[in-house]
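Sequence lines, in order, name chains A and B. Here my numbering is used: the first residue of the first sequence is 1, the next is one more, and so on. Here my numbering is used: the first residue of the second sequence is 1, the next is one more, and so on.
Calculated directly from the structure, the hints in this document are not laboratory data. All residues carry an ideal CB built from backbone N, CA and C; glycine is no exception.
In silico contact screen, one side only, chain B against chain A (beta carbon under 8 Å); selected entries:
hint	residue
1	27
2	49
3	66
4	68
Derived DSSO-like pairs (lysine-lysine); straight-line CA-CA distance at most 30 Å:
hint	chain 1	residue 1	chain 2	residue 2
5	A	51	A	159
6	A	52	A	159
7	B	147	B	79
8	B	79	A	11
9	B	7	A	52
10	B	79	A	52
11	A	237	A	91
12	B	7	A	11
13	B	79	B	7
14	A	11	A	159
15	A	11	A	52
16	B	7	A	51
17	A	237	A	290
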Amino acid sequence: MRAYLPDYELKSPGSLAEALSLLSDEPGVWRPFAGGTDLMVLFEAGRLAHKKFINIWNLPELRGVEVTPEHVTLGALTTYTEVQASEVLRKEFPMLCRAASETGGLAIQNRGTLGGNIANASPAGDSPPALLVYDAELELVSTEGARWLPYEGFHTGYKQMLMRPDELIKSIRLPRPAGPWRHYYRKVGTRKAQAISKICFAGVAQLEGERIADVRIALGSVAPVVVRCARTEDVLKGREIDEETVGAARAELAREISPIDDIRSTANYRLQVALNVLEDFLTNAEYGLKAER
Amino acid sequence: MAEPTSKTEINCTVNGEAVRLNAHPMARLLDVLREELRLTGTKEGCGEGECGACSVLIDGVLVNSCLVPVLQAEGTEIKTIEGVASGEQLHAVQEAFIACGGAQCGICTPGMVIAAVNLLERTPEPTEADIRNGLAGNLCRCTGYMKIFEAVVRACQNQGNDNFKSEI
Numbered sequence: 001m002r003a004y005l006p007d008y009e010l011k012s013p014g015s016l017a018e019a020l021s022l023l024s025d026e027p028g029v030w031r032p033f034a035g036g037t038d039l040m041v042l043f044e045a046g047r048l049a050h051k052k053f054i055n056i057w058n059l060p061e062l063r064g065v066e067v068t069p070e071h072v073t074l075g076a077l078t079t080y081t082e083v084q085a086s087e088v089l090r091k092e093f094p095m096l097c098r099a100a101s102e103t104g105g106l107a108i109q110n111r112g113t114l115g116g117n118i119a120n121a122s123p124a125g126d127s128p129p130a131l132l133v134y135d136a137e138l139e140l141v142s143t144e145g146a147r148w149l150p151y152e153g154f155h156t157g158y159k160q161m162l163m164r165p166d167e168l169i170k171s172i173r174l175p176r177p178a179g180p181w182r183h184y185y186r187k188v189g190t191r192k193a194q195a196i197s198k199i200c201f202a203g204v205a206q207l208e209g210e211r212i213a214d215v216r217i218a219l220g221s222v223a224p225v226v227v228r229c230a231r232t233e234d235v236l237k238g239r240e241i242d243e244e245t246v247g248a249a250r251a252e253l254a255r256e257i258s259p260i261d262d263i264r265s266t267a268n269y270r271l272q273v274a275l276n277v278l279e280d281f282l283t284n285a286e287y288g289l290k291a292e293r
Numbered sequence: 001m002a003e004p005t006s007k008t009e010i011n012c013t014v015n016g017e018a019v020r021l022n023a024h025p026m027a028r029l030l031d032v033l034r035e036e037l038r039l040t041g042t043k044e045g046c047g048e049g050e051c052g053a054c055s056v057l058i059d060g061v062l063v064n065s066c067l068v069p070v071l072q073a074e075g076t077e078i079k080t081i082e083g084v085a086s087g088e089q090l091h092a093v094q095e096a097f098i099a100c101g102g103a104q105c106g107i108c109t110p111g112m113v114i115a116a117v118n119l120l121e122r123t124p125e126p127t128e129a130d131i132r133n134g135l136a137g138n139l140c141r142c143t144g145y146m147k148i149f150e151a152v153v154r155a156c157q158n159q160g161n162d163n164f165k166s167e168i
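If we strip away everything but chain A, and leave its shape as in the complex, we get (with noise of 0.2 Å):
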């Protein structure tokens, strides 16, 4: 059933410390609506529970990409289409970009925020598992002033995060890598445009030789909360890549995945496809670590 107007507000504050006022006097009943994608959809199903909104979509503090010699900060505001317009991303940062890209349509995209996925808190999100790898970090704010976390371990469980009902995120913060990555993006859906994942790889390696010496690895749609896979990343630090070393990657990421079955696609199905695409960005001679440098 349709929502009823008249029980929603939505405010639209001056400034941030106007927005934070808000959130501060009364925690937990005002929260943030920044570019809609996700809320109005549950709107006009009649599923939106909460009902009080403060409009922080004009709020320019929260604009914005800044570079420093060591960090690339998005505003939390950025939307997928900034993201991928971008230099400093597309160069360094591009499983963000090619997140962004495979996010919705272009009026998503053009909506759709950093910081509005992030605070949606859905395992199914493109940007988190590329965030993840490359080691973002949130700047949270409130009257209180601000804090930067980890996003390795924001997301708690399903729909839940380290934020109080107090604060609302600034910024997203992603250290400027030092050596030359590798990069690896896999999104796997119904069809290429518009669809949710069934499952969203993100990989980084650093190698020497044909020696991994470094990796990272992050996996959305396989868990209630999108996860960084340490443990399967212990398996291939220091290793070649050979069958053994694959096949060892592949028993442990088994281990370490809980995916479930819902709507989009089956516990068994997002286990297949999570391994065989570990192995083509282990393998692939194209697009993974075996391709030419």
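Once you've looked at the hints, dock chain B against the given chain A.
Chain B in isolation, oriented as in the chain A frame:
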């Protein structure tokens, strides 16, 4: 039951005309355009941002109007399908849709045209891939897309784009 919330005043520009609206802030831009402003060219398809039938431009940016609460239209310039032609003079994209048979039942057409107009504004000389990407968020259940694709190519050719000399 909670107290009903009140309407608020929202000022914006729609197809070049200044408009003052009195609406619930969470009302969908789609509904306000159709029901308050009688701009019924913009269609509702899925109502969840999947199909693109409700596409409009806000400050030149393509959006799904079913996903925009009208409060976020405050101070913006909106263009709907009604603002694409200049009086009786159709836009090159509209001419091309007619010439190529790019419309059948017509529900997706306003959104398709808006998306194509926006694509040509951003990328005056698109490649085939640019066209497919630019329209990826607009679904059509009748045409099989080829005639729509051809229409956009035709519009490019009519505007002097040489990318497609030999392709169609």
